[in-house]
Amino acid sequence: MNPVLKLENINKKISDFFSLRDINLEFFKGEAHVLIGENASGKTSLMKIIAGFYLKDNGKIYIDNKEVKINSPADSKKIGISMIHQDFSLFDHFSIAENIFLESKKYSILSLKIIDFESMCSECDNLFAKFNIKLDSKTKVKKLSFAQKQLVEVAKAYVNKPKIIIMDEPSSSLTINESKILFNIIKELKKLNSVIIFISHRIEDLNAIGDRISILREGKIIFSSATLNLSEDKIINLMTGMDYSKRYPKLNIQHGREILRVKDLTSGKTFKNLNFNLYKKEILGITGLAGSGKSKLARCIFGIDKIKSGKIYLDNKFVNIKNTIDSIDNKIGYLSEDKYKDGLFLYLNIPLNITAPNLKRISNGYFIDKSFEKELTNTYTKKLDIKYANLYDNISQLSGGNQQKIALAKWIISRSKILILDEPTIGIDIASKVDIYNIINELVTKGSSIILISSDINEIIGMCDRVLVLYEGEISKTLTRENLSRDKIIKYMVKLGDNNL
Amino acid sequence: MFAAERIRIIMEILKDKNHINVSDLSTMLNVSEVTIRRDLEKLEGKNFLTRTHGGAIINESVPIDDDYTIEDPYHEDRVEISSIASHMIEENDVIILSPGLTNLCIAKKILTKKKITVLTNDLNIASELSSNSNIKIILPGGDLDSSFMTLSGRLTEENIRNFYVSKAFIEVDGITTQRGYTVQSIERASTLQEMLKITKETIIVSHYKCFDKIAFSQVADIKSAHKIITNPSIPDKYKNYFFENEIQLFTAFNSFEGGI
Amino acid sequence: MKESINNIFKNNLLVTYRKLSAIREMTVLISIIFISIILAIASPHFITKDNLISTTIGLSSDVIIVIGVTIVLISGGLDLSVGSIMSLSGITCGMLYLYGVNIWIACIISILIGTSFGFINGYFIGKIGLNPFITTLAIAGISRGLSYILTEGSPISLYGVPKSFSNISQSRIGEVPIVILVIFLVTLICDYLLRRSDFFRKVFYLGSNEKAALLSGINIKKIKIIVYVSCALFAALAGVLSTARFTVVTPSAGIGAEMRSISAAVIGGASLSGGEGTIIGAVLGVILLNIINNGLILLNVPVYWQDFVNGAILLLAVTIDFVNQKKRKELH
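Chains as they are written, first to last, in my numbering: chain A, 1 to 501; chain H, 502 to 761; chain W, 762 to 1093.
None of these hints come from the bench; they were simulated from the model. Some hints here could point you the wrong way.
Below 27 Å or equal to it, Euclidean Cα-Cα: the simulated DSS-like pairs (lysine-lysine) are [claimed, not checked]: (1) W/LYS972 to A/LYS311; (2) A/LYS341 to W/LYS982; (3) A/LYS374 to H/LYS724.
Start from the sequences and build out the full structure, keeping to the hints where you can.
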């Protein structure tokens, strides 16, 4: 059988530390090809190349054995490729039916731009009945929930009968029932000989609809097969890579008294009734798949996102953390997952960045002591080995690793007792990674406690004293350093439980 | 910038140019003129220079010698290394401390610990540790090098072979990827090699300036270490290398201010 | 070791070079001198004592307004209500006086009224979270409307206003009007505050990256309110000052002040995306714009061309700012 779509040696540099390398893949008609990988493994970037949103650096794309050039989304649409994004392409102010039949032009009467609304709606209702979608075709799209919009997108794709349809994490927000509907539509699409490319990090999806699986890790295809006799933990092992946890500079430090206790913490939908504590001088790891609620948890403790119920105790005293001002006053520090968007002031210089949460230390309440500010900056850029050409350049000119160290310096200077680090080493160079682990060590020896949130299992095993594994907003297991292993973490990440160990 | 480092730079400039003025130094080093004057006073006290109006000139009598130091310029770095090392030493450990100033700092740091056995061929370390009766000190026999107060030679090596330790803190003078770990003398290298044979875990200690330097005699290949303790400002390539080769790299610094 | 010493020297040279070339104020100052020379050659009236003094007095209210507008721009906001607030506070001052209130008390009350409109701006933008463009546009409409309602559309003369009040803009030390000295001083103080004060540091953080400012524990809502309040305070001051100067209040005062002040601030180095700007730069921007306007008058260009030219300059300044921002982002 000839592949409908063939990728040959696709390369694309995404950032200084991440690129897609030598991607070779074949997609066949009537098959659902599931693309699995961790966050930031390159799944979405690869699909954006096929859909024309990114230009590849080199390599070739073949459709039906003929090489094609895809330079824009329009090129890809012409070929018959349609991509359903995590962010939608629906028109909020139009009805569901109008959105679904927008591109088919079936109901445009003559060349007048008039639409036969009634017959369009009745066909739409038929379609919904066929797939058991309980929505009224005349409803405006803006009234739909995230998951419902997703179904409308898929229905729209079905109507347009694309040659190739790319679905980016469609199942992540759906209920079981909605997922069933989605899988039914996919089965119908298979009958129509479409190629379905299904991006996911959920292994259940694979069993439900997949005919073929490819696993991406660090921008490379590390596994591709048609056989589906793969066990879940084998797949996760492939997804996350080898055991490299011995290279982390871990110091064994006796932990002290309880410094933080979280009781019945609930945040709307993401997680509920979380209970855990943190000791002085402890590195507590929190890991889980995307959507397990680990980042949201950090944002709630630091007071960025509102909590619905639950209490936070510091040093055995209840504290009401309403916002970031409260948490900083309570000596909590936080390094956000997306440092560019909300962690740093990219267009301000190094001293201004380093002193942002520390104004109280460098000013008398009215004026800033510039020489003290400079002294602090000089000291810490040296201590943390932050490399720069000029202290007063915008930090946008520094490398990602140095920027991350600046973000950390802020909280060292503010002498945070609890430091929450959300994916502190993602996307940065190795040397800076090593520096960051050593900074963590130094802070712990000086009495701070660290909450290290990471999806890098090696990092979690390498650095943490205790690990909470989250699964869909619940703590599925707490593991101590003595019984920490890659296999265990993986099993609890997908909640297989003790019986399967 | 740290006082020790500032003084180092001032000495370098003076050796190079023979004279220097205060305001140049203050802009160059980003510190106030008062601070510079204080540094110059310190150096004058050590007979290194003579202060003049607005500056200083080097004393002709000072032998221009790279090894000339008023005090150990890396003392702070060594103290920081030793505090990381002390976290690696637990009760009931049997360890080796090889000769060197950094290991001497480690000895000072572990004075408060109990039930530790230390095998060392450095008499300074032994005498430092002897103030705590809870630490058992084992000295091998051998030839005494009186300038460093260390023991070496055939007798030392034979003695060492009688033991087995859990951790060996080996201080070296040079680290490169090609030549591995190196020290200044053949005798020391061969004693250290014996030590490596009888330890479960090899921990290399060395301040940052030793990186990218090759000393006279090789002790071991770079991959033979389990852990390295040094300071943050080593070249990035070593951070990459150790991480990728499964060797734990500890870079010690003090996150509290001080030292300014 | 020698290498590191050389590096330190090299870095210092680089710093000096960059400092000189990067100072936006320098470029604006050179433009001012350049245009002045051209005008001096083209018109014999330009370098006369009377023209220089009347131009500088003329730009005094613009200078006061631009200080507030620059602060708002640095915070990443926008204020289109300064002209209307200026006119409203001038009018309330004049009306209160005509109703028999002591002129100085009238000044204070009118400044408070103007400032309270700034508080409304700040409340809606900071606390409720409305878009600054729309909010200040609405407040501009409301306050301008109030001006017309109070005056029924016509200018009102303040007869018999105390000499001490009308002298504010006329008394001089030697040849230099006191107003100019005061404004010069205010500029320097504000510039110093902008560089050194704790509060303005927070304004820079807010303008540079609001989310990061939030994560740094900065009270964003409070800062926004203070920023708009101080902007309105400066506008109200300008209104009172021009009342003293003309002893006439008119509901059409301050029309176009928003445009001029935003152009001036952007010319002086402020950015519409926030986080950048200096007071001295903005004030130099005002001087540049006023010299250009003065030149148009001296060269007998019909007065109606002024808005055209001002608009064109704003478009140019904003385009240059946009291109710079874009370049910076691409670099990143």
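Here's how the hints hold up against the structure:
1. W/LYS972 to A/LYS311: Roughly 25 Å separates the two Cα atoms, so the pair holds.
2. A/LYS341 to W/LYS982: Between A/LYS341 and W/LYS982 the Cα gap is close to 20 Å, so the pair holds against 27 Å.
3. A/LYS374 to H/LYS724: Since the Cα atoms of A/LYS374 and H/LYS724 sit roughly 40 Å apart, the hinted pair is violated (cutoff 27 Å).
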